[in-house]
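Can you make the complete structure from the sequences, with help from the hints?
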Amino acid sequence: MPEQKFSKYVQDWPEESREAAQLVIDQYGEPNETTDSQLVWHRPGPWKRIVASKTFYEHNFPAPHNDSVESVIDYRVPPEKFSELAAFDGSVIVERTAGEVSARCHDEQANFLALNLMHDIVTGAKSVDEARAYYAKEFGDYRRKKPTPYMEKLRFNQQERGAADPDVRVLTDEDLAQAKREGEQRG
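Everything in the sequence shown is counted per the UniProt record's numbering, starting at 1 for the first residue and increasing by one.
Each hint should be verified, as a subset may be incorrect.
Have a look at the derived ranges for each label pair, beta carbon to beta carbon [unchecked claim]:
#1 42 - 165: 21 to 27 Å
#2 145 - 165: 38 to 44 Å
#3 14 - 76: 40 to 46 Å
#4 84 - 178: 37 to 43 Å
#5 144 - 165: 37 to 43 Å
#6 176 - 35: 33 to 39 Å
#7 33 - 97: 18 to 24 Å
#8 97 - 184: 52 to 58 Å
#9 97 - 183: 22 to 28 Å
Since the hints were derived computationally from the structure, they do not count as laboratory data.
Cβ atoms here follow ideal geometry from the backbone N, Cα and C, with glycine treated the same way.
Encoded structure:
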């Protein structure tokens, strides 16, 4: 079997992250941004961005693998759902202020799976336990070459506008001015 040829961007990366990054290059072409440790694509396919990192993380759910490719979407998660998402999968990352959610895994198909199940948890369609069980089932079905609908695409519409959550102001301009005056008096 011929040896796989790797892009110049990843040829010196560790095998665990090099192969995953090469899958993204093969799918979406040259990255829009490159550093020694990251490749970034803006608006590839259904994603807001994809970041392939030289750094990889060991992840044991649902079976041991390495996470190094992060797929990002615009999506507002209610704060009361954060703990459920953390219990579901540690590689699902919620950025409340930015209005983004991402999944970091080995490939795009696993990121589709994680984000589709994230949406099911946020909307109440599945509990954390149901989502974890479904993830394991579909992950196994992928290896069995059986249908894996949650790994094919995002099964919901992204929230492109209004996903950011700047939170609620609690200090007024007068509160800040008073704090500044007190600070000046101290020193």
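Hint check results:
| no. | hint | in the structure |
| --- | --- | --- |
| 1 | 42 - 165: 21 to 27 Å | holds (22 Å) |
| 2 | 145 - 165: 38 to 44 Å | holds (41 Å) |
| 3 | 14 - 76: 40 to 46 Å | violated (35 Å) |
| 4 | 84 - 178: 37 to 43 Å | holds (39 Å) |
| 5 | 144 - 165: 37 to 43 Å | holds (40 Å) |
| 6 | 176 - 35: 33 to 39 Å | holds (37 Å) |
| 7 | 33 - 97: 18 to 24 Å | holds (22 Å) |
| 8 | 97 - 184: 52 to 58 Å | violated (30 Å) |
| 9 | 97 - 183: 22 to 28 Å | holds (26 Å) |
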